[in-house]
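Asker: First to last, the protein sequences are chains A and B. Just so you know, UniProt numbering puts 26 at position 26 of the first sequence, and the rest follows in order with no gaps. Just so you know, UniProt numbering puts 131 at position 131 of the second sequence, and the rest follows in order with no gaps.
Calculated directly from the structure, the hints in this document are not laboratory data. A hint or two may mislead.
Where chains are identical, the list cannot tell them apart; a pair therefore holds if satisfied intra-copy or between any two copies.
Below, a list of computed lysine-lysine pairs in the PhoX-like style, where the Cα atoms sit at most 25 Å apart [said to hold, decoys possible]:
#1 Lys289 with Lys43
#2 Lys174 with Lys160
#3 Lys43 with Lys107
#4 Lys82 with Lys289
#5 Lys206 with Lys161
#6 Lys289 with Lys368
#7 Lys123 with Lys160
#8 Lys289 with Lys75
#9 Lys9 with Lys283
#10 Lys123 with Lys20
#11 Lys107 with Lys174
#12 Lys4 with Lys194
#13 Lys82 with Lys194
#14 Lys174 with Lys75
#15 Lys283 with Lys369
2 protein chains.
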Amino acid sequence: MAVKYELIKQCSKTGARAGKLHTPHGTFDTPIFMPVGTQATVKSMSPDELKDMGAGIILSNTYHLFLRPGHSLVKEAGGLHKFMNWDRGILTDSGGFQVFSLGDLRKITEEGVTFRSHIDGSKQFLSPERATEVQMALGADIIMAFDECVPYPADYDYAKKSTERTTRWAQRCKNTLTREDQALFGIVQGGMYKDLRSMSVHDLVKMDFPGYAVGGLSVGEPKDLMYEILEHTVCQLPANKPRYLMGVGTPDCLVEGVLHGIDMFDCVFPTRVARNGTAMTAKGRLVIKNAEYAHDFRPIDEECDCYACRNFSRAYIRHLMRTDEIFGLRLMTTHNLYFLINFMKKMREAILEDSFVEFRSAFIANYKK
Amino acid sequence: MAVKYELIKQCSKTGARAGKLHTPHGTFDTPIFMPVGTQATVKSMSPDELKDMGAGIILSNTYHLFLRPGHSLVKEAGGLHKFMNWDRGILTDSGGFQVFSLGDLRKITEEGVTFRSHIDGSKQFLSPERATEVQMALGADIIMAFDECVPYPADYDYAKKSTERTTRWAQRCKNTLTREDQALFGIVQGGMYKDLRSMSVHDLVKMDFPGYAVGGLSVGEPKDLMYEILEHTVCQLPANKPRYLMGVGTPDCLVEGVLHGIDMFDCVFPTRVARNGTAMTAKGRLVIKNAEYAHDFRPIDEECDCYACRNFSRAYIRHLMRTDEIFGLRLMTTHNLYFLINFMKKMREAILEDSFVEFRSAFIANYKK
Numbered sequence: 001m002a003v004k005y006e007l008i009k010q011c012s013k014t015g016a017r018a019g020k021l022h023t024p025h026g027t028f029d030t031p032i033f034m035p036v037g038t039q040a041t042v043k044s045m046s047p048d049e050l051k052d053m054g055a056g057i058i059l060s061n062t063y064h065l066f067l068r069p070g071h072s073l074v075k076e077a078g079g080l081h082k083f084m085n086w087d088r089g090i091l092t093d094s095g096g097f098q099v100f101s102l103g104d105l106r107k108i109t110e111e112g113v114t115f116r117s118h119i120d121g122s123k124q125f126l127s128p129e130r131a132t133e134v135q136m137a138l139g140a141d142i143i144m145a146f147d148e149c150v151p152y153p154a155d156y157d158y159a160k161k162s163t164e165r166t167t168r169w170a171q172r173c174k175n176t177l178t179r180e181d182q183a184l185f186g187i188v189q190g191g192m193y194k195d196l197r198s199m200s201v202h203d204l205v206k207m208d209f210p211g212y213a214v215g216g217l218s219v220g221e222p223k224d225l226m227y228e229i230l231e232h233t234v235c236q237l238p239a240n241k242p243r244y245l246m247g248v249g250t251p252d253c254l255v256e257g258v259l260h261g262i263d264m265f266d267c268v269f270p271t272r273v274a275r276n277g278t279a280m281t282a283k284g285r286l287v288i289k290n291a292e293y294a295h296d297f298r299p300i301d302e303e304c305d306c307y308a309c310r311n312f313s314r315a316y317i318r319h320l321m322r323t324d325e326i327f328g329l330r331l332m333t334t335h336n337l338y339f340l341i342n343f344m345k346k347m348r349e350a351i352l353e354d355s356f357v358e359f360r361s362a363f364i365a366n367y368k369k
Numbered sequence: 001m002a003v004k005y006e007l008i009k010q011c012s013k014t015g016a017r018a019g020k021l022h023t024p025h026g027t028f029d030t031p032i033f034m035p036v037g038t039q040a041t042v043k044s045m046s047p048d049e050l051k052d053m054g055a056g057i058i059l060s061n062t063y064h065l066f067l068r069p070g071h072s073l074v075k076e077a078g079g080l081h082k083f084m085n086w087d088r089g090i091l092t093d094s095g096g097f098q099v100f101s102l103g104d105l106r107k108i109t110e111e112g113v114t115f116r117s118h119i120d121g122s123k124q125f126l127s128p129e130r131a132t133e134v135q136m137a138l139g140a141d142i143i144m145a146f147d148e149c150v151p152y153p154a155d156y157d158y159a160k161k162s163t164e165r166t167t168r169w170a171q172r173c174k175n176t177l178t179r180e181d182q183a184l185f186g187i188v189q190g191g192m193y194k195d196l197r198s199m200s201v202h203d204l205v206k207m208d209f210p211g212y213a214v215g216g217l218s219v220g221e222p223k224d225l226m227y228e229i230l231e232h233t234v235c236q237l238p239a240n241k242p243r244y245l246m247g248v249g250t251p252d253c254l255v256e257g258v259l260h261g262i263d264m265f266d267c268v269f270p271t272r273v274a275r276n277g278t279a280m281t282a283k284g285r286l287v288i289k290n291a292e293y294a295h296d297f298r299p300i301d302e303e304c305d306c307y308a309c310r311n312f313s314r315a316y317i318r319h320l321m322r323t324d325e326i327f328g329l330r331l332m333t334t335h336n337l338y339f340l341i342n343f344m345k346k347m348r349e350a351i352l353e354d355s356f357v358e359f360r361s362a363f364i365a366n367y368k369k
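Generate coordinates for the entire structure from the input sequences, incorporating the hints supplied.
Answerer: And the structure:
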């Protein structure tokens, strides 16, 4: 099996758990945050910088790479790891999320999705088989089933039909995968309906995937509802398989995800807000362009020892961001990713010491949303 | 004296010379290329990356820093070195070049130049005194006299009046400078008129500056004319002082500059064209977005061992540049700066071995403009 989850410690009071994820490109501590490298690069970062900050697995996007530069080229280059010079783990999503986000530009049938490229308007087609083939060409360690992310809000009938189709598609993905060095994860859907979530889990678990993602959360619903669905869903997933919450990356949501037993997370949030000048800290967000930092010669985060915080002041980074300098984007991105990776480490340590409940309380007390 | 030039070897057949430049922030081999860090950052690069590739002195712009973030803030931060975390040499230009480039937005009098900021249209004033005070606040190792870069073409009368004023301004800059850890360089002007160049050199040398720049070249004139004026001018400059050719950075011009006895160069060319996707090599330019490189898995330059060429293919960098990824700009910039810094090293080695004439012939035979 390409990917194996090893449970190291189960929190005695919550669903939180510390583990290890064994992949063909290394073993990584969980819970883990996976930086997003949409187009075969984590925006503004070098692979070495990601390694230096302790990044394990990164995520890349099938939809984007399928359109540009094309999966055949990546395969010709020796696969995504070699193409982008990254020898640690890679997870590719299936392209489903992006294709469904295209709105009027796509058409869904049982067979798959016909859509127009956001780049040149050309007509394209992705199906469970095609998405899996593309991901086989890309060669990530973990690949995802082609699913529909049920939008929020969605009526019960739509959510049910969509979730049932996602399940059928998951089987077709599984039937397509032939590479033994890749692990295909199933994606639990079901919208905000608990019975549909249970149905989705039940049907997917029967197919015995090496890992399970929870999709269709953090799509606009209130956070309390997200947490409720998460709690309902995760506890039904098999304990011996890794669990991945898709598209979640704010500190408060990460804590709640871990609380309910999630092992893996990804989100563009830390890198995207970095480029807009927002730094993440354990106390909340810091908007670096604010006038109050003009003469502030302290680091972004006095508790942080990332490259940006060790070497540069708020005043300098503010100057870089105000003058649209690329190095400003780099420093902000470095800080946010380093912060999140270390935030996950701290949660893991708390779980190992069986003090996760205390960790969570202290976090909530200090964090301003 | 803040800056001292040490002649190590004079080419026996040409004006080319190898030396050392001693500054308060280190000693640097000459001839040297100075990467441009307009806004207190060499676009897309970190200070550590610049050090790793062997950069010695970098250039920063008084005009830009005066407007944003303001020299007072930089002074408050402990000076430019500390502000941007760069402990090697810094040279600041005087702002003259940028101010005069503003065209209709500026007005020149004997006192100085009134101009409108390109950022917010606010009315600003720079004079020899003011430009020097700003540069004292910034704290570079080498600062430049406030001059007018005579445009090309310019009629004789204008060029003469402008050059005479630049000389008077140079004296006022000298009278203003009080910091002993900063070296003020005079700037030779005179347009494309040899007698005016001689006059400028004569008048400035009388003032005994610790170094001399040749300004007003590479401003649109034919290259042969530039080389002719350069040859005429440089040989009149004192041999015991460093000589700096402003705004020159293409390989062919660097070779000719060194040939005539120039020690220091700066130019936005390598970093600017990098961001447009043009790589510099000893054989000429390589436009990475060209279709011919789509499936080319060789490095940008097979003779180069920069970070980009050691780790990434043309196909990957082409993909990054086509998708507007920041890491693409970083890799291209890394390559171009590394190439130029090493190109200068090779010229220096040739001078030390008294084989510069042969180096130049081999370069010309291989290089496509």
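Asker: State for each hint whether it applies.
Answerer: Quick rundown of the hints versus the structure:
1. Lys289 with Lys43: both (20 Å within a copy, 19 Å between copies)
2. Lys174 with Lys160: within (21 Å within a copy, 81 Å between copies)
3. Lys43 with Lys107: Result: close neither inside a copy nor across copies, 30 Å intra and 43 Å inter.
4. Lys82 with Lys289: between (37 Å within a copy, 20 Å between copies)
5. Lys206 with Lys161: The answer is within: 19 Å in one copy meets 25 Å, while 89 Å across copies does not.
6. Lys289 with Lys368: Answer is within: at 19 Å inside a copy they meet the 25 Å cutoff, but 45 Å across does not.
7. Lys123 with Lys160: Classified as neither; 28 Å inside a copy, 65 Å across copies.
8. Lys289 with Lys75: Answer is between; shortest inter-copy Cα gap is 20 Å, intra-copy 42 Å.
9. Lys9 with Lys283: neither (27 Å within a copy, 59 Å between copies)
10. Lys123 with Lys20: For lysine 123 and lysine 20, the Cα distance exceeds 25 Å both inside one copy (41 Å) and across copies (62 Å).
11. Lys107 with Lys174: within (23 Å within a copy, 73 Å between copies)
12. Lys4 with Lys194: neither (28 Å within a copy, 77 Å between copies)
13. Lys82 with Lys194: neither (42 Å within a copy, 57 Å between copies)
14. Lys174 with Lys75: Close inside one copy (21 Å), not across copies (63 Å); limit 25 Å.
15. Lys283 with Lys369: within (9 Å within a copy, 55 Å between copies)
Checked against the numbered hints above, the structure breaks hints 3, 7, 9, 10, 12, 13 and satisfies the rest.
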